[in-house]
Amino acid sequence: MSLERLRLFAELAKRGSYTKTAESLGVSKAFLSKQIRELEQELNTQLIIRNTRNMRLTSSGEVLFEQANKLTTFWQDTKKLLDVSDDCLSGIVRFTAPTALMKYKLLPVVNQLLKEYPDIGVVSDTGNQTHNLVDTSYDFAVRITNTPPQDMVAVKLLTFDYACCATPEFIAHYSLPTHPNHLLELPCISLPYWKNWLFIDQQEAIEVRLESRVQFSDNELLKQSVLASHGISRLPRYMIEQELVDGRLVEVLADYTGEQRDVYLLYPQALRRPERVKLLMNRFKTELSTGHTQV
1 MSLERLRLFA
11 ELAKRGSYTK
21 TAESLGVSKA
31 FLSKQIRELE
41 QELNTQLIIR
51 NTRNMRLTSS
61 GEVLFEQANK
71 LTTFWQDTKK
81 LLDVSDDCLS
91 GIVRFTAPTA
101 LMKYKLLPVV
111 NQLLKEYPDI
121 GVVSDTGNQT
131 HNLVDTSYDF
141 AVRITNTPPQ
151 DMVAVKLLTF
161 DYACCATPEF
171 IAHYSLPTHP
181 NHLLELPCIS
191 LPYWKNWLFI
201 DQQEAIEVRL
211 ESRVQFSDNE
221 LLKQSVLASH
231 GISRLPRYMI
241 EQELVDGRLV
251 EVLADYTGEQ
261 RDVYLLYPQA
271 LRRPERVKLL
281 MNRFKTELST
291 GHTQV
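Per this note's numbering, the sequence shown starts with residue 1, numbered consecutively.
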């Protein structure tokens with residue numbers, strides 16, 4: 001049984017007029033009549049006795065009106081509560097993001113927001129797993145991809161590049177490579193599923209396939225291994241910016257352009273989104289990118 005038909009029936013029973021009810025609800029009189037007829041057919045009983053001048057409820061209609069009125073009142077009260085909840089800057093925001101990106105780029109934004117809004121909580125699933133935002137409870141996702149899914153709203157937050165790096169101690173021992181092919185002769189540290197490193201030199205692409213001495217499936221572990229002087233690695237530049245500035249790491253093959261990746265904010269289409277969710281998404285867009293409209 002359609003809750004919408006029950007709502008229409010309850011409004012009609014209250015007002016006692018098809019014309020007044022249709023005008024009040026912003027629907028046509030023909031549409032209202034059709035919905036009431038279909039409700040009667042669904043229940044297999046007559047609900048309203050109607051002539052050219054007035055209408056009245058049957059005994060079955062009176063019973064249904066009592067129950068329908070309770071249901072519609074419950075629906076309206078619940079909707080008000082949900083509207084208040086969505087409008088208030090309180091509650092939980094749920095999203096997914098890659099671990100390193102969360103640590104180096106997103107977490108400072110989250111920490112500042114939590115400080116400003118003590119009634120907002122955050123649940124973040126960090127990792128490389130791609131979650132279906134339609135079938136899960138996540139409000140949005142932040143993903144590293146150059147091809148965002150077409151069934152999602154995709155807002156580009158930033159573009160980053162990869163940089164090869166090593167410690168000054170490692171370079172002092174092995175010398176500084178001047179060509180990507182020199183990496184084949186040096187200890188390297190890489191992700192086990194990403195052994196082909198691409199370099200661009202004046203529009204020429206040079207790809208080097210490495211059999212790395214050390215392999216980890218997490219960029220943070222690669223970074224720690226590089227800092228321990230075990231080899232050269234290629235990492236997102238945002239992960240090593242501070243170490244390059246303070247001299248703990250040195251950029252290797254800086255004359256070559258590394259691969260670039262885009263970071264997108266992804267979320268499903270929705271007629272309405274809670275204010276707390278819009279607040280965090282807009283913070284990410286404001287802090288990490290420029291020129292984007294707010295949600």
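In short, the hints are calculated from the structure, not lab data. Just to be clear, a hint being listed does not mean it is correct.
[Claimed, not checked] With a Cα cut of at most 25 Å, we get these calculated DSS-like pairs of lysine-lysine:
#, residue 1, residue 2
1, Lys14, Lys115
2, Lys70, Lys14
3, Lys156, Lys103
4, Lys20, Lys34
5, Lys14, Lys34
6, Lys103, Lys115
7, Lys278, Lys14
8, Lys156, Lys20
9, Lys29, Lys14
10, Lys20, Lys70
11, Lys34, Lys70
Which hint numbers does the structure go against, in order from smallest to largest?
Failing hints, ascending: 1, 7 and 8.
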